[in-house]
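Peer 1: Mind docking chains E, R and X on chain L? Use the hints.
Protein chains: 4
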Amino acid sequence: MPDLQTVVREIAQEMRERTDRGEVASYIPELARVDPSAFGIAVIDADGEVAAGGDSDTPFSIQSISKVFTLTLALGKAGDRLWRRVGREPSGSPFNSIVQLENERGVPRNPFINAGAIAVTDLILSGHQPREALGEILRFMQFLADDSTITIDKAVAASEQRTGFRNAALANYMKSFGILDNPVAYTLGVYFHHCAIAMSCRQLAMAGRFLAYSGRNPSTGLTVVPPERARRINAIMLTCGHYDGSGEFAYRVGLPGKSGVGGGILAVAPGKASIAVWAPGLDASGNSHLGRIALEMLAKRMGWSIFGS
Amino acid sequence: MPDLQTVVREIAQEMRERTDRGEVASYIPELARVDPSAFGIAVIDADGEVAAGGDSDTPFSIQSISKVFTLTLALGKAGDRLWRRVGREPSGSPFNSIVQLENERGVPRNPFINAGAIAVTDLILSGHQPREALGEILRFMQFLADDSTITIDKAVAASEQRTGFRNAALANYMKSFGILDNPVAYTLGVYFHHCAIAMSCRQLAMAGRFLAYSGRNPSTGLTVVPPERARRINAIMLTCGHYDGSGEFAYRVGLPGKSGVGGGILAVAPGKASIAVWAPGLDASGNSHLGRIALEMLAKRMGWSIFGS
Amino acid sequence: MPDLQTVVREIAQEMRERTDRGEVASYIPELARVDPSAFGIAVIDADGEVAAGGDSDTPFSIQSISKVFTLTLALGKAGDRLWRRVGREPSGSPFNSIVQLENERGVPRNPFINAGAIAVTDLILSGHQPREALGEILRFMQFLADDSTITIDKAVAASEQRTGFRNAALANYMKSFGILDNPVAYTLGVYFHHCAIAMSCRQLAMAGRFLAYSGRNPSTGLTVVPPERARRINAIMLTCGHYDGSGEFAYRVGLPGKSGVGGGILAVAPGKASIAVWAPGLDASGNSHLGRIALEMLAKRMGWSIFGS
Amino acid sequence: MPDLQTVVREIAQEMRERTDRGEVASYIPELARVDPSAFGIAVIDADGEVAAGGDSDTPFSIQSISKVFTLTLALGKAGDRLWRRVGREPSGSPFNSIVQLENERGVPRNPFINAGAIAVTDLILSGHQPREALGEILRFMQFLADDSTITIDKAVAASEQRTGFRNAALANYMKSFGILDNPVAYTLGVYFHHCAIAMSCRQLAMAGRFLAYSGRNPSTGLTVVPPERARRINAIMLTCGHYDGSGEFAYRVGLPGKSGVGGGILAVAPGKASIAVWAPGLDASGNSHLGRIALEMLAKRMGWSIFGS
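Chains as they are written, first to last, in my numbering: chain L, 3 to 311; chain E, 3 to 311; chain R, 3 to 311; chain X, 3 to 311.
Worth flagging that the hints you see were computed from the coordinates, not collected in a lab. Watch out, some of these pointers could steer you wrong.
Same chains, same names: a pair is fine if it fits in one copy or spans any two.
Stated by the list, open to error - Below, computed lysine-lysine pairings styled on DSSO-like, alpha-carbon distance capped at 30 Å: (1) 156 - 79; (2) 302 - 79; (3) 79 - 274; (4) 302 - 274.
This is chain L alone, in the form it adopts within the complex (with noise of 0.2 Å):
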């Protein structure tokens, strides 16, 4: 087995060199600010050993990857419930199509959609004021991460709140099928503050470690949710994390993973490790052009892949 210190160093140093970056996030305009060479990555195996290389310390908007802490969050409170107003099927299309909600009577195919999180957001917010639901996501990450710094990025909300009229046409045409129960822009503006949550590789890798140790934090012991259920989480990321990209996600790299258009990915390898890597430039598919190469070659040479040695 190599040495995982070794491997991450490589890599880093390898990501930083290349030239191919994709494109930054335009469509928010304050994630088009980015530096578009910053690369991250963060391990931390079973034993809570960390293996960091390049930005790793550097805060930057996770957005859609907060996606999976609100699914944990809202399964917690909803359980089996959630499933009636959201799928778990992939949807073949991008993170933010509205024909298939049309085809489909407003349910959207998969919490892992823009539109399948607005719903999940909008359970979460049942029966709360705004400022209560985004007050309990906050902590709960800042309690998964062990780091009570973590924070939303105002101007990124706020970026997103006047120019996220998709978003809004998600929410108002699910709400117009009954699938959301409260006013939508509640829904919406705890949405768009809970994608502006602001974290490094190192944070995101220690919030992740629940899924990748059967639903444990392996340091404290504590439980965050029963195995099944992080089972269940990593497969919905599996078949589902990358919108119309999660096929050669799978194919390529071979892990439970879900990106976001800030350019993190959190990956997880079942009983060795949780990941995060940052690289702000995107595919085609809206997703992290050097992440996901650098994802591959991680589980390419630590052997990694849930698809056999």
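Peer 2: Just chains E, R and X now, kept in the frame of chain L:
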């Protein structure tokens, strides 16, 4: 770790007693005659030990499960050139949908929906007579299963050829975009016949061993494909192996698998087992109803999910 | 030639007696309260003679019929520039479909589906306050109908504003593609209010005269639009005026017409008559069931089809 | 009223000089050989007077214009039973789209898109040999045009039969839903051959007279169809006669018309004229570019729009 023989025996017993059996496929007239109460299971572990239960030695029509093997064969011939004609993303659509083809200029989403498998068959056929190509596919199955008695059910092939208008539509549609090289009738002829291969669960589990063991047959030591290719085929099975029920299968079972409308499912627990189940009744997505349930039980009781313990 | 007064009286009588009345629109709560047995008809010929029957003086919510008049107004302001934002092809889809928008980068197929009418409203609004734009639309209706008592039913507008999530989805979706210039809430506010204009059949038939008579009001001699524009608006009414029931309306009635979910239809027999009917029950495409039948009878008995005698 | 002979002569002259000619259809190889500079026009008025210009006596492949005549023939045989298999709504899709078929269980939107015309051909074929059905269609054309020299261009039919995979896809797709009664190869054979009928503008305008004159041939006094059926066929031509350019044709020309990819258009000015134009270059929707422009000029100069003077 529970005893595999016991677990398999118990599952076979439980399946026998269940009354929810789904609907036997009726769109291929010949398939509709199958006994809906049949159930078979066979599991082969890394040591070559077989645990079997129920009708594990009754041959059934493997139908779309053959697509795993034609993909393997075509990758051997064409390598990554194959991916110019077929994608590898889940389709989010039923097995016989043509909408996706129109939206993506005739290129099927993945090799496991009908259109994709027809395109793969066309690659195997290239430059040969249908009879030769079919012979090659059949001999490959016999080699993998180490059993030269495996044959094609001519009545099923003829039944499908008489009624397979939707597949003819898919093939002609792709032909209009230049995705198929051979005459449509040739390609469809080979396709209908390889779908009509009849195998028992035991034979099928034998044939699938190379996917569970890094591309090698652990008994003979013969390499079928390189390890990376085995992993990648498993990845495609996981994301695309059950049509628009692929997400559900990953969520509930947590193993790469491929179903056929004959009621069979081939599943792979990497490093641990090659598994075949058969129960003719199908669910709404066209996948074996009890087959899926049996695999869910097996994976859970044996702790085989690829998504964590 | 049969006598128009007699024909209109007979049709009103026959409609009163029919028991197949369709379903009153329920998606706007306020509209659901309308008496389903109401029926009105008014026909104004080239000499300004009015033939009326039934509830021809009862105001009803004109809803989408207003789109004919906002299109006329917007063409006056923007001319052919309007067609950069809206197409003029039948959509083949229901009135509130969003699928077509996704496939065509946010440009609505025609000005008579909801999305198209919202885009037209946005053009009228440009550079003005909602109140001013709405005043302009209302005064245009009053001018055309020669009746300053026409008003907006505020309860209907408020009802639609509270529940019009699907229209909000369409508007936000177009906004995300830059099809709308004004704040979504402004444009929707004007849209909901002009749809809530209440008019009787008599008033509506008066307002539609310019379309029947080459763009002029034959009584006053005033020109509303040039003859070519009147013909073109009629052409769009013929191909797009009844959503996905437009072909059926052309086939059965053979006159340009525009329906509204309030149960009204404005129809035009070029050179011969301006016609308004009202019957609140709708067919499956959202068009007045008895309204269409009454127009079919009228066109047939009077020999008014534009497709031949 | 301008003199028809003069107007037609001027239009032919203007068309000859234009350099924007569109693209000659290339998807049927045999059609691609046509001279792109050809232009013909023929207009027959109520008195049987013919005004012709350009290549008005050169036969060309009428292609989809034949669908008007097969619809007429099939309505004569099957009456309103025909509408169980084919709709009469504009499709909003290209001529060869298959998406709509999947969404509506194999029932084509209207008889003028390819799928619909194939279903109509199947009705004509029912219970006969392809040769007989084709003979019947050809004799019907000869009867309508009063010209027994009209023939089928076998080279075009063969070219289309060899390359018509997309039509084969449509036919097989409908067959899978039970929309076609006859063997797919039979129906397609008749379809490809009636599309390959070759006629001049003069012959085509002659054949179309019954649609302009209430179902009767005004010269012979013979009735082809009842007046209502002529009106209804005209209505379908108006809403569906130019694929996804139907709205545009209605908007600009204002006459019922049917185009073919051979570059011909048959148009009808009810009560006034039967018109045929021919210019091989097509626009983006597959309709004759100069043909449409010529008809727009003709309708405008003669004041023939059905939407008002």
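Peer 1: The structure should be examined with respect to each hint, and the outcome stated for every one.
Peer 2: Here's how the hints hold up against the structure:
1. 156 - 79: within (27 Å within a copy, 41 Å between copies)
2. 302 - 79: Answer is between: at 24 Å across copies they meet the 30 Å cutoff, but 37 Å inside does not.
3. 79 - 274: within (28 Å within a copy, 35 Å between copies)
4. 302 - 274: both (14 Å within a copy, 20 Å between copies)
Of the hints listed earlier, there is not a single one the structure fails to meet.
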